[in-house]
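The listed protein sequences correspond, in order, to chains C and S. Numbering that gives the first Met the number 0 numbers the first residue of the first sequence as 0 and each following residue consecutively. Numbering that gives the first Met the number 0 numbers the first residue of the second sequence as 0 and each following residue consecutively.
Heads up, some of the hints might be wrong.
What the hints assert, rightly or not - 20 Å max Cα-Cα, derived PhoX-like pairs, lysine-lysine:
1) S/Lys-373 / S/Lys-297
2) S/Lys-87 / S/Lys-110
3) S/Lys-297 / C/Lys-237
4) S/Lys-503 / C/Lys-245
5) C/Lys-237 / S/Lys-325
6) S/Lys-87 / S/Lys-373
7) C/Lys-213 / S/Lys-199
8) C/Lys-213 / S/Lys-204
9) S/Lys-654 / S/Lys-680
10) S/Lys-709 / S/Lys-373
11) S/Lys-53 / S/Lys-36
12) S/Lys-909 / S/Lys-829
13) C/Lys-202 / C/Lys-9
14) S/Lys-906 / S/Lys-827
15) C/Lys-70 / S/Lys-204
16) S/Lys-297 / S/Lys-376
17) S/Lys-909 / C/Lys-245
18) S/Lys-906 / S/Lys-53
19) S/Lys-298 / S/Lys-204
20) S/Lys-882 / S/Lys-829
21) S/Lys-197 / C/Lys-213
22) S/Lys-197 / S/Lys-298
23) S/Lys-503 / S/Lys-532
24) C/Lys-202 / C/Lys-79
25) C/Lys-66 / S/Lys-810
26) S/Lys-867 / S/Lys-827
27) S/Lys-301 / S/Lys-204
Read the hints as simulated data drawn from the structure, not as lab findings.
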Amino acid sequence: MTALPQTTAKKLGLVIDLDICVGCHACVINCKEWNTSNYGAPLSDQDAYGANPSGTFLNRIHTYEVKQPQKPAQTVHFPKSCLHCEDAPCVTVCPTGASYKRSEDGIVLVNESDCIGCGLCAWACPYGARELDAAEGVMKKCTLCVDRIYNENIPEIDREPACVRTCPANARHFGDFADPESDVSQMSAARGGMELMPEQGTKPVNRYLPPRPKADIHTDGDINILAPFLEPVADTPKGLLGWLDKALEAL
Amino acid sequence: MNHHQPDLDTSPEVSDEIRKTTCYMCACRCGINVHMKDGKVKYIEGNRDHPINKGVLCAKGSAGIMQHYSPARLRAPMKRVGERGEGKFEEISWDEAFDIAAKRLGPIREKAPHKLAFFTGRDQSQSLTSFWAQQFGTPNYAAHGGFCSVNMAAAGIYTMGGAFWEFGVPDWDRTKMFMIFGVAEDHDSNPIKMGLSKLKERGAKIVGVNPIRTGYNAIADEWVGITPGTDGLFVLAMIHVLLKAGKVDLDYLMRYTNAPMLVNMDETSNEFGLLLRDLQGQFMVQDRVTGKPAAFDKKGVKPVFSGEITYQGTKYTPVFQLMTEKYLSDDYAPEAVADRCGISAETIHRLAAELAHVAFEQEITIDQPWTDWKGEKHETMTGRPVSFHAMRGISAHSNGFQTCRAIHLLQIILGSVEVPGGYRFKPPYPKPVEGHPTPHSSTTPGGPLNGPHLGFTRGPEDLALNASGTPVRIDKAFTWENPMSSHGMMHMVISNAHAGDPYKIDTLFMYMANMSWNSSMNSRGVMDMLTDKDENGDYVIPNIIYSDAYSSEMVAFADLILPDTTYLERHDCISLLDRPISEADAICDSIRWPVVEPDRDVRGFQSALIQLGSKLGLPGFVNENGSAKYADYADYIVNHERRPGVGPLAGFRNKDGSGKGRGEPNPEQLNKYIENGGFWKDHIPDEALFYKPWNKAYQDWAVERGIFDKPSPYLFSIYVEPMQKFRLAAMGKGELQPPDHLRAQLIEAMDPLPVWWAPYEEQGIDCEEYPLHALTQRPAAMYHSWGSQNAWLRQIHGTNPLYVSGEVWTKHRFNEGDWAYVTSHHGKIKVPVVRMDALNPNTVWTWNAIGKRKGAWALDENAPEATKGFLLNHLIHELLPPKGDGLRWSNSDPITGQAAWYDLRVKIEKAPAEDGVSQPETPAQASPVGQGPKDIAYGGEF
């Protein structure tokens, strides 16, 4: 069993905006691309050109259909990666101390040299956010790009996770949830940012912004508030052209 | 165990060097930073300074490493040693490859240049390839626009001098209501996502019109799950409602469109339906004050929009009145079209009301004085903040041209084009039809063609017909069957060449076009045509030269392969002479350059083409002494001049790099681009940012930058007069006459005002037998066939089920894991099915080009792409079902010839799963590059 730090100075994490995520997988692939050649072992792919390709990813997008009565079905894209929980069960379950939560910023990491690939942490994670790399036999997970966010070899503006930097729809935001004034805290407060599965008691740091209500208005029977706006100016083409004449005169 | 943290290096060295070039994982052309480590590509990210993507990068772009190091890369030139289609090749040298090509092409050029058909796919070097084909002298050249989006491009150019996507962009920063028609998750990719995000931030409303609710439609505030092929009817119904309520921008229509122009109403006249002009050729309107016709731009003239006027014995009516009479017809009432469109009449009324409300009640004004081309000064710029975008779902129907015109008409009557908050053009657009060439097709053995192949016909005199009336071109573009086929008709080339109709060819030369697979209708038929032999045992299409970077399905059918490089190994220019990357606020172009050198015996296709051109002695590619004019594409990019001072790249011209748009070649130009991040950008002056077609400052600036040689203001064409010229011929007027069987079609289709007809396929079949519409969409994470060789992307889209609606699912008692037969009038396939409810109930669909032929793309023969993946192409035919008149009618738009592959109708029934393999099964092709490695772990070496 591995202990969690009592507190962390910062609570770094992501806000993921489900209202704008189009499910394009940009974050998925840029994450893989950055992380396969940076922190820890590469993210390998088995049977890469074969019948059952399968590789390690730290971030994946799941697509769901939401059906509601009297409304057209909706498609919702749901990107999922480690939520860097405050009470991370993946850490406490680790028999070697390889999984740990950083006291300075709350990032949950795997120290690969201590990881024996037993997979307990993946079982303990209720979100399915960890993947055992089949080539290296070590557990891989989102590092919040710990090798980017403090990296003095890259421009300051780029010191954010790869998934955030690459997202074309600006659906991903990075920051400190311990600071109520931070952009992510503010955004989450304003938009009703949600914890994922709070009943699990893991206290996830990441927040999801729910899709805004859709205006799939079924007007049948409803009052159309804009109806007066389209009041016909005339009922016949001739009448309309008469109106037109006056309108043109006024120009 | 107590809390324990290891020491961590949080500032590792990322790379040795960043090289900035242009992505080519799709046609978006984003700027990328390629991080190099130990001479290898380590990481690719978006370039923050780049005008297209401003730092972001999609899944495809981020997977570029896997494309660059793909095991499917071709290694050397090859000649075929087996039978066509088998995929058996022998690697040869470039010298031998050029010898083989030149020995074949040289004699063709001297005797019958039309026997070469040269067609290119999704490449971005059409300015070069068309120039090469012109110098060779064949009339048979085009790119892939004929099956991609020519309806979109041509309708936009004929109507308003620019179309969607590469021609313009919604004013993302100001628009308040945005409607997106028939767009899945591409075209263009990152800019739309970035734009939608801006709209969401500002609370602007997004309306997605698409039978399928994925991608952009999934996040739209309102989804309109329209029935495929009925968008034109839906839009015209909104126009009906708006006109009836007087919600049109009359001032805009009066100033900037041909709404007040006078149409000849005398059916006996040879100019029936044409617009009245004065002796100087200027359009005339009826002046409100004098009641008499006057030149439209004469000072003080206020035009009348209605009524009838007799001038020199002929009656004339303004365009606006014809438009009003047409669209006020009850046929276009929302109640009349609702069932057909699958949209309630209330919704149509409400959306029209919302558009009108935003356009007219929420207009925006920018304090920016400007002067119009007539010299009138305006203190402010006023905009109607509604904007639109449309793509494949509109263009790939047989009514696509007119549907696209209808969308433009809606934009125009709302006064929302080239205004703040509306739709804005990107230089070199706007550019009206008059700014484009007419098509040219006159050949001289041993000499160049008489002008550019592709262009915009103004009337029957511009058709590519022989004196006897037969088509000049192998694809039959620019004929009475499709008079405005401005992008050619690549999808007809192979079937026409095989049929020897209109004639036989010798060599089919293609680049980056997977014609034997996902880039053709009727893929099985095309494979048969490519391998068919005559009674002497010779191939019916005698010689096929193909260039590709990868071991695609088409490679197997070629006799000679010219291997291309990956996009990181090559020079390219994204040129203003071709497909620009400009923004509405700036003129831009960009380059690719070899950030890594090829490790194989391959050459960029454009360099190979230039070298072949020199070997053939083509004018423009050799000096007077016969020596090669350009060593390679890089040399051409820098030193070729299309007009004096105007070349492929607009930036850093002149020896000192000071030239913008114009200037003599600069030997340092490519280095300047590389220093600048791979692109060049020049802002449009503030007073020139809007009203570009009519803005004096813009027109003057465009001349300075070499876009035009003189100011070219013009009016938008609500009424497209050139269309009426073809109609007049169909009515029996004029020297050039269509064949009788096409007269009725021409009269209906070439309506100079937008009109709707039912998609042709459903007119010719029993819709009760084939009740479902079948579509394909391109996923955001894949581009055509290229993605499947990509170890990362194929884990996202390795199979493509057929998605069916809940209604269809229930009716056919499908269960999870089931298979189905899908049958059209032409073919039958067996595919896996998946339920999807966010879907028009009468539509089935799948992802595009995921299915692969066994043996292609260096994949295992049991790859899911080859076993479960499938193509709908097998169900689509290039011809319509026989009508019983003995004639063969093409499955395309009757105006542009655009392949109508979205018209497909099918029926579905449950099928036994059996071995779980989709049908038809195509036998494997041999792989000239072997198969990819079993396991990979990229990046471990860094």
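For the pair supplied as a hint, S/Lys-53 and S/Lys-36, is the alpha-carbon distance within the 20 Å limit? Distance of about 24 Å is beyond 20 Å: violated.
Pair hint C/Lys-66 and S/Lys-810, alpha-carbon separation not exceeding 20 Å: Holds. C/Lys-66 to S/Lys-810 sits at ~19 Å (cutoff 20 Å).
Pairwise hint evaluation, S/Lys-827 against S/Lys-867, where the allowed Cα distance is 20 Å at most: 15 Å, holds
Would you mind confirming whether the straight-line C-alpha gap from S/Lys-909 to C/Lys-245 stays at or under 20 Å? Distance ~63 Å between S/Lys-909 and C/Lys-245 Cα, so the pair is violated.
Is the hinted pair S/Lys-709 and S/Lys-373 satisfied, with a Cα-Cα distance of at most 20 Å? Measuring from Cα to Cα gives roughly 15 Å; hence the hint holds.
Run the distance test for S/Lys-654 versus S/Lys-680: straight-line Cα separation, threshold 20 Å. Roughly 19 Å between the alpha carbons, so the hint for S/Lys-654 and S/Lys-680 holds.
Straight-line alpha-carbon gap S/Lys-503 to C/Lys-245, limit 20 Å: Distance of about 63 Å is beyond 20 Å: violated.
Below or equal to 20 Å on CA atoms is what counts here, so check C/Lys-213 against S/Lys-204. 10 Å, holds
Starting from S/Lys-197, check that the Cα of C/Lys-213 is at most 20 Å away, please. With Cα atoms ~17 Å apart, S/Lys-197 and C/Lys-213 stay inside 20 Å; holds.
Keeping to a limit of 20 Å between CA atoms, is the pair of S/Lys-87 and S/Lys-373 held or broken? Violated, because 66 Å separates the two Cα atoms, which is more than 20 Å.
Can the restraint linking C/Lys-202 and C/Lys-9 be considered satisfied, given a maximum Cα separation of 20 Å? 14 Å, holds
Straight-line Cα separation of S/Lys-297 and S/Lys-376 no greater than 20 Å? 16 Å, holds
Against the hints set out earlier in the document, violations occur for numbers 2, 3, 4, 6, 11, 17, 18, 19, 20, 22, 27.
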